[in-house]
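Peer 1: Chain by chain, the residues:
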Amino acid sequence: MPADFNWAIGGEAGDGIDSTGKIFAQALSRAGRHVFTSKDFASRIRGGYTAYKVRTSVDQVQSVVDRLDVLIALTQRTIDENLDELHEGSVIIYDGDRTTMEDVEIPEGMIGLDVPLQALAEEAGGAIMRNVVALGAACAVSEFPIENLDSALEKRFGDKGAAIVENNKAAARKGREYVLENYDEAFGFELECTDENYVLLNGDEAIGMGAIAAGCRFYAGYPITPATDVMEYLTGRIEQYGGHVVQAEDELSAINMALGAARAGARSMTATSGPGIDLMAETFGLVATSETPLVICNVMRSGPSTGMPTKQEQGDLNAMLYGGHGEVPRFVLAPTTIAECFHKTVEAFNLAEKYQLPVYLTADLSLAVTEQTYPPEEFDMDAVEIERGKVVDEGTVGEWQDESGRFKPHALTEDGISPRAFPGTEGGVHMSTGLEHDELGRRTEDTDMRVRQVDKRTRKVETAREREPFEPREFGDPDADTLVLSWGSNEGALIEAKSFLDEEGIEARYLSVPYVFPRPDLTDAVDAAEETIVVECNATGQFADLIEHDTLTRVTRINKYDGVRFKADELAERIADVLATDEGAEEATA
Amino acid sequence: MSSNVRFTDFKSDAQPTWCPGCGDFGTMNGMMKALAETGNSPDETFVVAGIGCSGKIGTYMRSYALHGVHGRALPVGAGVKLANPDVEVMVAGGDGDGYSIGAGHFIHAVRRNIDMTYVVMDNRIYGLTKGQASPTSREDFETSTTPEGPQQPPVNPLALALAASGTFIAQSFSTDAQRHAEIVKQAVEHDGFGFVNVFSPCVTFNDVDTYDYFRDHIVDLADTDHDPTSYDDARSRILDPGKEYQGVLYRDEESVPYERSHGVDADMSDIPDGAPEDAMDLVREFY
Numbered sequence: 001m002p003a004d005f006n007w008a009i010g011g012e013a014g015d016g017i018d019s020t021g022k023i024f025a026q027a028l029s030r031a032g033r034h035v036f037t038s039k040d041f042a043s044r045i046r047g048g049y050t051a052y053k054v055r056t057s058v059d060q061v062q063s064v065v066d067r068l069d070v071l072i073a074l075t076q077r078t079i080d081e082n083l084d085e086l087h088e089g090s091v092i093i094y095d096g097d098r099t100t101m102e103d104v105e106i107p108e109g110m111i112g113l114d115v116p117l118q119a120l121a122e123e124a125g126g127a128i129m130r131n132v133v134a135l136g137a138a139c140a141v142s143e144f145p146i147e148n149l150d151s152a153l154e155k156r157f158g159d160k161g162a163a164i165v166e167n168n169k170a171a172a173r174k175g176r177e178y179v180l181e182n183y184d185e186a187f188g189f190e191l192e193c194t195d196e197n198y199v200l201l202n203g204d205e206a207i208g209m210g211a212i213a214a215g216c217r218f219y220a221g222y223p224i225t226p227a228t229d230v231m232e233y234l235t236g237r238i239e240q241y242g243g244h245v246v247q248a249e250d251e252l253s254a255i256n257m258a259l260g261a262a263r264a265g266a267r268s269m270t271a272t273s274g275p276g277i278d279l280m281a282e283t284f285g286l287v288a289t290s291e292t293p294l295v296i297c298n299v300m301r302s303g304p305s306t307g308m309p310t311k312q313e314q315g316d317l318n319a320m321l322y323g324g325h326g327e328v329p330r331f332v333l334a335p336t337t338i339a340e341c342f343h344k345t346v347e348a349f350n351l352a353e354k355y356q357l358p359v360y361l362t363a364d365l366s367l368a369v370t371e372q373t374y375p376p377e378e379f380d381m382d383a384v385e386i387e388r389g390k391v392v393d394e395g396t397v398g399e400w401q402d403e404s405g406r407f408k409p410h411a412l413t414e415d416g417i418s419p420r421a422f423p424g425t426e427g428g429v430h431m432s433t434g435l436e437h438d439e440l441g442r443r444t445e446d447t448d449m450r451v452r453q454v455d456k457r458t459r460k461v462e463t464a465r466e467r468e469p470f471e472p473r474e475f476g477d478p479d480a481d482t483l484v485l486s487w488g489s490n491e492g493a494l495i496e497a498k499s500f501l502d503e504e505g506i507e508a509r510y511l512s513v514p515y516v517f518p519r520p521d522l523t524d525a526v527d528a529a530e531e532t533i534v535v536e537c538n539a540t541g542q543f544a545d546l547i548e549h550d551t552l553t554r555v556t557r558i559n560k561y562d563g564v565r566f567k568a569d570e571l572a573e574r575i576a577d578v579l580a581t582d583e584g585a586e587e588a589t590a
Numbered sequence: 001m002s003s004n005v006r007f008t009d010f011k012s013d014a015q016p017t018w019c020p021g022c023g024d025f026g027t028m029n030g031m032m033k034a035l036a037e038t039g040n041s042p043d044e045t046f047v048v049a050g051i052g053c054s055g056k057i058g059t060y061m062r063s064y065a066l067h068g069v070h071g072r073a074l075p076v077g078a079g080v081k082l083a084n085p086d087v088e089v090m091v092a093g094g095d096g097d098g099y100s101i102g103a104g105h106f107i108h109a110v111r112r113n114i115d116m117t118y119v120v121m122d123n124r125i126y127g128l129t130k131g132q133a134s135p136t137s138r139e140d141f142e143t144s145t146t147p148e149g150p151q152q153p154p155v156n157p158l159a160l161a162l163a164a165s166g167t168f169i170a171q172s173f174s175t176d177a178q179r180h181a182e183i184v185k186q187a188v189e190h191d192g193f194g195f196v197n198v199f200s201p202c203v204t205f206n207d208v209d210t211y212d213y214f215r216d217h218i219v220d221l222a223d224t225d226h227d228p229t230s231y232d233d234a235r236s237r238i239l240d241p242g243k244e245y246q247g248v249l250y251r252d253e254e255s256v257p258y259e260r261s262h263g264v265d266a267d268m269s270d271i272p273d274g275a276p277e278d279a280m281d282l283v284r285e286f287y
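Line by line, the protein sequences are chains A and B. Letter 543 of the first sequence, counting from 1, is numbered 543 in the numbering used here, and no numbers are missing. Letter 32 of the second sequence, counting from 1, is numbered 32 in the numbering used here, and no numbers are missing.
Because the hints were derived from the structure by calculation, they are not lab data. These numbers were taken from a predicted model, which means no experiment stands behind them. Think of the CB as a built atom: it goes at the ideal place given N, C-alpha and C, for glycine as much as any other residue. One or more hints might be untrue.
[To be verified] Derived contacts from chain B toward chain A, CB cut-off under 7 Å, selection only: (1) A65; (2) V76; (3) A78; (4) G79; (5) N84; (6) V203; (7) G242; (8) M280.
[What the hints assert, rightly or not] Coverage of chain A stretches by chain B, computed from C-beta distances (three or more under 8 Å per stretch; other residues unrestricted): (9) 98 to 107; (10) 141 to 148; (11) 196 to 208; (12) 211 to 217; (13) 265 to 271.
Please build the complete structure, drawing on both the sequences and the hints.
Peer 2: Structure, rendered in C-alpha cells:
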C-alpha cells in the first residue's frame, strides 16, 4: 500500500461540510496528488450528521479505508461516528468555543487541537469562513503548502469577487498560524506535491460529460437522489451544443419525453434512481417494443420503496433485467469506475442506436456522488466515436419500402435490426406502437407475424454478442484457484483489497464485469477456479444468481447491505475469511 | 412544406374500427383538414395518441406517428417537438386519457406552452372498456361502475386550461365539420399550445351526451359578442356551468411558445461523428 493520508470534516448538514471538503480535495488535486472522496450524508437539508472524507496519495487511490488521520469535528457526534476509524496519533481539530464542542472529549491517544475557528474567522472578515480557518489548521498539521489551498479558494469563490477570495486566504492563514504558534509538536504527516495536473469529478458528472461527448442532445428527468447531479451537470452545458434539458413533472413524463425526442432522431436520455425506474416501467416496454434507442440511467440507492435515499446499494439489478411486463430485450451496462461512467455512457448511446433498444446505464450511489482524480487524458475526446446504426435518408429509404411505397420500420432482417427514419424524411412515414405489429408497424395478432417479430427483437441480442466485445476487466493472478467477481463500484475496493491480500500471500484472480446483459461468458473462468466469490452491495446476491445460472456452479457470496460501500481493508478481510473457512473445512474433513 | 397537400393525403389505408356513427370520424377528418390547410405534409407531421378509442387515430392517419401508453401522449409530443421544432406535432387523446390518467401532464403541457396542438375527443365516457364513467361524465350518469352516477362534479377541462395559464383554449363539435376543422386550424396556427376539447359523441355507450343533445345545447361563440382575446370574457364563459360552447374561448395574442423562450431551435437529429470539437473544455472544467 502506498503511504496515504485520510482526512475528514464532519458536522451537521448546513454547516458547509460539502463545500469545505470539496475545497480541500481540489487543493490536493491541484497540488498533483491523487484524491478519492466519500460522503456520508442524511436525507435532509439541515441538521443530521454529515461528513466529507478525503483520501489522498501520490499514487492513484480508488476506495476508502477504515482510517482517519485528521478530522475536523464541528460536533461531538462527528467524533463518535468516526471512532472506529480514528487511531493513536489521529488529530482532531475542533473549536472549543463552539457551544456544541465545549465539553468535547478527545479519545485517549489522540491529539485534540482546540482552534478558535469562529473567532479567527471573524478576525479575517466573517464567521462564515470558520471552516476555511479549519482547512488552514489542517494544512499546518499535514505540512501541506497553504499556497495550494489558495488556488482552490480562487476556484470556489472567484465569482464572488477578489475581496472574498482574499478574506478566505487570510482566514486559512490564521488557522495555520494558530496551530504553528500554539502547538509545537510534529504530527508526522507530510503531503508531498507533484507537477501533475489532475481532474477531480464524480460519476454523475462523468455520465453527464459522456452524454454530451456522445451527442446526447435531449435530456428529460425528474430530480431524485442520487441521480440529480446528472441533470444539474447537463443543464447549462448541453445548450452550448444545441441540446436541451427539461425538468419534467414526473418520471412518467420524463421517459415519455425522452422517447418522443428519440423518435424524432435525437440522442436522448433520462436519469433516475430505483423508485423512478418503477414509475417508468410501463413506458420502458413501449420503448423496447417500438425499438426506440434510449439511454435510461439508473443511479441506484438503498431500496425497496423509499429505502435509504442517501445510502449505497446495488439492489436494482433484477428490476433492470426483468422489470416491465412481457419479454423485451434490453441492455444493462454497469460502469465499474468513475472514469468508466464516461466511457460506458458513450458506449450506451452507440449500443442503443445500433441495436434500437433501451439501454440501462447503471451506477450506484458510491460511484455517483464520490469524486476521484484522473489524468485528463483518461477522458480522450478524440477517441469518441459515434455510430448511429441503420438510419435511412431520402436516398436510401426506397430500399426499405414495400411494393406500395410504405416504409417498413420493423422489417424482418437477418441480424434483427431494422431501418430507422426520422420525421421529415420523405417516404419514411410510419407509425410506432407498443401493440404487436407487422413490418409496417401496423397492429397484428397474426400468430406467424407475432413469432417473427418476437424472434427479430430477440435476435438483436445474439447479433450484439457476435459483434461487441463484452469483456470483463481482469487483474490478479490468472492461474489462481480463487476467482473473485464483482460489478459496479466495488472494483476500486477490490483492487486495493488485492494489495492487502497480496501482502498476506493470498492469491486470487479478479474479474470486474461492466456488462450485466448481455454479459461475458464466464463459464471457463468459473470452471477453472476451485472457489468463486461474488462481491456485491445487496442482500440476496442478484449478480451471483446470474453467475450460478450461467455456469451451473455454486458460488460464494460476499454481500453488504448496510448502506455503506465496501472499504478496501474490510473487503480484504472478508475474502480472507471465506478462504480461511474453506481451509478449515478441508482440514476438518482430511 | 408543400402547398398542394390535400387532406386525404393524411388518410392511411387502414379501415377504422370505430363504431359506425362514432364522433371520432369527424374529429379526425377535421384534424386532417386543418393540417392540410395550414400547409403541412405527412412527412413533416407527427401525430401522437395514447390508449383508448382516441388512441387508434395514429393508425388511421398517414404521418409519422406514435401510439403510446395511456395518458402519456403529451410528453411524447413535447419530446418530438423539442428535438425537431420543424415538425408539426399534433396530439390526440380522449377524456379519460387527458383528464384522468394524464391530468397531470395536461396541466403541465398547458403551462409549458410548447407549440403543438392537442385535440381531446371528449365523449364523456370510457368507450373501449365498454361504458364506465369518465372524468367529464355527468354527476348522475349511471354506468356499470357507477350505478348511481359518479356523484362527483365533472372536470371542466377548459377551466383547468385557463387556470394553468393556457394560451389557446377552444371547444368544438365533431359533426359540425366545417366549424370544427376551422377551430382546429386556428389551434395549429397558434404560436404555442393549442388546446381543443371536441364533443365527439359515443353512440354505443353514452345515451345522454348525444348528437341531439349537443345540437340542441351548443352555443356558437361566433353568434355572440364573445371576444376571445379578453381574459375576462373567457373566464366568465368557461366558469358558466351547464353551457356547451363552440369556438375559441381564449387566445393569448402575446403567447411566446416554449421553444422561443428557451432558445430551442435546432434539429437535434443532426450530430457530429465524434465528440464536439471543444469537448476537452468539458474535462478541463474539472481541474
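Peer 1: Compare the structure with each hint and give your call.
Peer 2: Going through the hints against the structure:
A distance limit of 7 Å between C-beta atoms decides the matter here; for A65(B) the minimum to chain A is near 4 Å, and the interface restraint holds. Of the supplied interface hints, the one on V76(B) holds, with its beta-carbon coming within about 4 Å of a beta-carbon of chain A, less than 7 Å. Of the supplied interface hints, the one on A78(B) holds, with its beta-carbon coming within about 5 Å of a beta-carbon of chain A, less than 7 Å. Against a cut-off of 7 Å between C-beta atoms, the interface hint on G79(B) holds, since the closest Cβ of chain A lies about 3 Å away.
Among the interface hints, the one on N84(B) holds; its C-beta lies about 4 Å from the nearest C-beta in chain A, closer than the 7 Å criterion. Because the closest C-beta pair between V203(B) and chain A is about 23 Å apart, greater than 7 Å, the hint is violated. Below 7 Å, beta-carbon pairs count as interface contacts, and G242(B) has none with chain A, the closest being about 31 Å; its hint is therefore violated. Interface restraint check for M280(B): the shortest CB-CB distance to chain A comes to about 5 Å, inside 7 Å, so the restraint holds.
Coverage of the region 98 to 107 of chain A by chain B is violated. Counting CB-CB distances below 8 Å, 0 residues qualify, and the rule asks for three or more. With a threshold of 8 Å between beta carbons, the proposed coverage of the region 141 to 148 of chain A by chain B is violated, since 0 of its residues qualify and at least three are required. Counting residues of the region 196 to 208 of chain A whose CB falls under 8 Å from any CB of chain B gives 6; the rule of at least 3 is met. Counting residues of the region 211 to 217 of chain A whose CB lies closer than 8 Å to any CB of chain B gives 5, which reaches the minimum of 3, so the coverage claim holds.
Restraint check on the region 265 to 271 of chain A versus chain B: 4 residues with Cβ-Cβ distances below 8 Å, three needed, restraint holds.
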